[in-house]
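> Respectively, the protein sequence lines represent chains A and B. By the count of this note's numbering, the first sequence reaches residue 373 at its end, each step adding exactly one. By the count of this note's numbering, the second sequence reaches residue 224 at its end, each step adding exactly one.
Just so you know, the hints here were simulated from the structure itself, not pulled from any lab data. Treat the hints loosely; a few may be bogus.
As the list claims (entries may be wrong) - If you anchor each label on the Cβ, the simulated ranges turn out as follows:
#, chain 1, residue 1, chain 2, residue 2, range
1, A, Trp328, B, Thr126, 55 to 61 Å
2, A, Ile17, B, Arg20, 45 to 51 Å
3, A, Leu18, B, Asp76, 38 to 44 Å
4, A, Leu18, B, Asp64, 47 to 53 Å
5, B, Arg139, A, Ala269, 47 to 53 Å
6, B, Arg164, A, Ile17, 43 to 49 Å
7, A, Trp328, B, Gly147, 56 to 62 Å
8, B, Glu32, A, Val348, 52 to 58 Å
9, A, Ala269, B, Asp76, 55 to 61 Å
10, A, Ile17, B, Val222, 42 to 48 Å
11, A, Val348, B, Gln189, 51 to 57 Å
12, A, Asn335, B, Asp136, 53 to 59 Å
13, B, Asn68, A, Val337, 54 to 60 Å
Think of the CB as a built atom: it goes at the ideal place given N, C-alpha and C, for glycine as much as any other residue.
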Amino acid sequence: MLDLVFKNLWARKTRSILCILAVMVSVFLNGTTLTMNRWMYETLTSELAKYMGKIFVQQGGSSYPPIDSSIKQETAEAILARSDLGVNVAESAPLLFIRIERGMMPFMPAKLMVIGVPVGKENVLIGSVEATEGVNRFPGEQGDVVILGVNAAESFGASVGQNVTINGQPVRVIGILKRSSMDSVNISAIIPLEAAQRLFAQEGIISALLLTPNDVNKTIEIGAALRENFPTLEVVTQDDMLAEAATVMRMPMEYMSLMSVTGLVVAVAVIMSTMVMAVMERTREFGTLRALGGQRRLIVGMVFAEALFLALIGGLPSIGFVLLVSRWMNTSPPNVVQLLQVVGFAVVAAVVAGLYPAWRAAQVAPMEALSYE
Amino acid sequence: MSKIVETQDMWKIYSLGEKRVEALRGVSLSVEPGEFVVIVGPSGSGKSTLLHLIGAMDIPTRGDVYLNGMSLSQMDDGDRTELRCHQIGFVFQMFNLMPTLTALENVEIALRLAGVGRSVRQARATEVLARVGLADQARHRPAQLSGGERQRVAIARALANRPRLLLADEPTGNLDSANGLAIANLFRQFNAEGQTIVMVTHNEELARYAGRRVMLRDGQVVAQ
C-alpha cells in the first residue's frame, strides 16, 4: 500500500512540501545545536590542551582567558623570583588580557583581544607560530607596536607598517602571524606589556602570570606550593581550567539542548497537524478500506508510513546542511553515530507525531464508507 | 442448500445521548445462494442498518446474523474484517473510489487486501474491468470517468475477490436514469451468472429485476 501513501502525499503536495520544509528546519536546528555543542567543546578543550602542564596565577575573573583578573605586577615578579618553586622562568611571563570586542553571544569567547606580553617573552604566548608578514617577535623597542593574530589582522583590516587604533591610540603593526592552533592568539593584538598597560591605564597591573614548571609532572605540587605561599591568589592548572570550562559551558549546552528539544516539538507538531488533517479528510477512504477488508493494522501502517516519509524526506537533506555548517564552523564533521542521531531525531518525530493520527484513523468504522456526506 | 445470510430476531438499538433509537426491531431474514434480494422502504426504516449488519460491519444489539452459517456476533473485529475481505463485495452509492488511483488500481485494491500476488491480481482486475465494459478506461483516474463508469469500477472492485455475497447500497442513487439502467442490467447479468446480491434501493426499475423484495418499515420487515 506504499504507492497509495505516496500518491496521497502527492495529491496534497502543497501541504506535504510545507510540512517537509518545516521538518527540514527542525532537523537542521537539531543537527546545528549538536554541532554548536561539539564546536564549543572542541574549541575550548583544544585551546586548553595547549596549556598542558602550565599554571595561571590570577585573582578574580574567569579561569580562561583571565580577562577580568587583576593582580599587581610586583606580585608576579615576586613569584618568578622564587627559585624554590621549580618554575621555568624563561618560559613564564606576566600577561595582560584586555577584551576589545565581545563574542556573538554572552557565553561565547571574545572576538578580539589585546594581550600584553613582556618584550623577550613573546615565545610564552606565540610559541613557534611564524609571521606571514613582518616579524613574530618584538624587536626590542618599547614603542607602541603590535603583532596581530590572523583573525585580528582581518578584523582591523591592517597590514604591516600601517597604524591601527587601539583604545583611541595609534599603534604600528610590525607583524601578522600565521594561523595558530590557539584561537586566543589568532584573535589577539599582541602588544609589549608596558605599552598595553599604558594604553589601557593599567600601569603595574597584569591579568595573570603564566607559569611553566621545570618538570611538567610536578604541576600539582607547584600549584599546591603556590596556594600555600600566596593564599590570596588563585592558582589555576589545566585541570582546573577544564573543570571550570565544563561549568561555564553547561548553561549554553543546556540551552542548545533546549533548542534541540524545541526543534523536536515543532517537527512533531507540524507532522501531527498535517497527518490529523489528512486523516480527517480521508475518513471515507479509510472507511472504504475497512469495508473492503483492510485490517486496522493496515490503516495504522499507512498513517505511520506517511508520517515517516514526511520526516525522512525533510530530515535526510538536513544532514547535508549540518555537514555544511560544521565545515563553516571549522569543527570536525559529525561522526556516523551523530548523523544517525539526527536521522533518529526525524524518526522519533515521525513516530510520536503519527501516534494520534494513526489511532484516530484506526478508529474509523467501515460504516463511514456508507455515509452519504 | 445452506443459506448465505440468515438473521434471527435481530435488533439494533443506538443510544443518542439519553435517547434510544431502535433502528431494527426483531428482523428475521434469510438469503439463499444465487438470490437477488432488494430491500426497500422509506428513509429511516432501517435499510442501511440491515445492510451494515449483513455486511459484517457491525453487530446486532440482540439476536444474531449468520453468514454461511457463521455467527457474526461471535467473531472479533479482525475476523469480521477477514470475512468482508474474502466473502463480501460492497458497492456504495458514492462509489468510494480512491481518487489518486486508476480504475485498474482501484479494482486491484480489493485483491491486494486479500493478499493476492501482483501478476494474478493484475490479470483478474483487468478481466473484471472488461466484464463491466471498462477495458479501455483501465488507466483512467476516477475524475476522468463519468458517474456510471465510476460505479462500474466500484462493481468491478466488489466482484474482484469473487465474493459469495454482493451488497449494494443505493448503487444507482447518484446516477441518471440511463446510467442507472445500465448498472441495473449489470446486476441482473451477474445474478444470472449465479451471484448472490442483496441491495438497498429506492429505484423501482432496479427493484423489478430482483427475485425478492423485502419491505422494511420502522425497523421491521413488513413484507417479503
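> Compare the structure with each hint and give your call.
Comparing the hints with the structure gives:
no.	hint	in the structure
1	Trp328/A - Thr126/B: 55 to 61 Å	56 Å, holds
2	Ile17/A - Arg20/B: 45 to 51 Å	49 Å, holds
3	Leu18/A - Asp76/B: 38 to 44 Å	40 Å, holds
4	Leu18/A - Asp64/B: 47 to 53 Å	50 Å, holds
5	Arg139/B - Ala269/A: 47 to 53 Å	39 Å, violated
6	Arg164/B - Ile17/A: 43 to 49 Å	46 Å, holds
7	Trp328/A - Gly147/B: 56 to 62 Å	59 Å, holds
8	Glu32/B - Val348/A: 52 to 58 Å	56 Å, holds
9	Ala269/A - Asp76/B: 55 to 61 Å	35 Å, violated
10	Ile17/A - Val222/B: 42 to 48 Å	56 Å, violated
11	Val348/A - Gln189/B: 51 to 57 Å	55 Å, holds
12	Asn335/A - Asp136/B: 53 to 59 Å	58 Å, holds
13	Asn68/B - Val337/A: 54 to 60 Å	57 Å, holds
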